[in-house]
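K.L.:
Each chain, written out:
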Amino acid sequence: DGGITQSPKYLFRKEGQNVTLSCEQNLNHDAMYWYRQDPGQGLRLIYYSQIVNDFQKGDIAEGYSVSREKKESFPLTVTSAQKNPTAFYLCASSIVQDPRGYTFGSGTRLTVV
Amino acid sequence: QKEVEQNSGPLSVPEGAIASLNCTYSDRGSQSFFWYRQYSGKSPELIMSIYSNGDKEDGRFTAQLNKASQYVSLLIRDSQPSDSATYLCAVKNTGTASKLTFGTGTRLQVTL
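Chains C and R, in that order, are what the protein sequence lines are. Quick note on my numbering: the first sequence kicks off at 1 and runs consecutively. Quick note on my numbering: the second sequence kicks off at 1001 and runs consecutively.
Hints listed in this document are in silico derivations from the structure and should not be mistaken for laboratory results. Where a beta carbon is used, it is the ideal one built from N, C-alpha and C, also for glycine. There may be inaccurate statements among the hints.
Said to hold, decoys possible - Going by beta-carbon spacing under 10 Å, a handful of chain R positions derived as facing chain C:
1. Val1004
2. Tyr1036
3. Glu1045
4. Ser1049
5. Lys1067
6. Lys1099
Kindly generate the complete structure, drawing on both the sequences and the hints.
P.N.:
Quick look at the structure:
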């Protein structure tokens, strides 16, 4: 079955440590997105990519980095510069210029310990 | 000013009643509108999309769009306890990017 896989489901980060969240899709979607969700809040866009080897900053890109070396993969690195990384991270994909909505992964819950 | 606004709730309705969820948006050129349901600790799932003014019905769900008033709503008929969740309104803004802007969500509680 086609879908988006995020891993790990839970991740713990120590102070000053970089961690990478994985997102893989087999839907043949061109566009991929990373959102952050804090308790009681909506989704805020971190980065998005509409084509391989190209990506754009979203509203809250500081302290995060991404790469898009393959169409299927869009990993997110939470760097030590992100001072408050504890949140629920969601990856999504879509067809560019398709009016339909996203397909979401199951999310990664990141906690600073 | 927030681009997509929703009342955070909680909105409490008795089982069998109609739940009405509302959303306003600021980008007048927005073309596509979506309602997602999100259970606690889970990822959002798409339940309705609407692109033109008027009503769109799918089972117990009806989405309503009024572009002149920049307003989109979701009605849930015969509300069930399983409908208790947070409902996120999302808008595809003008421009070439396909990204969506989300509201903060309305928490719905269906009581027995």
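K.L.:
Please flag the earlier hints that this structure goes against, numbers listed from lowest up.
P.N.:
Of the numbered hints given earlier, the structure breaks just one, which is hint 5.
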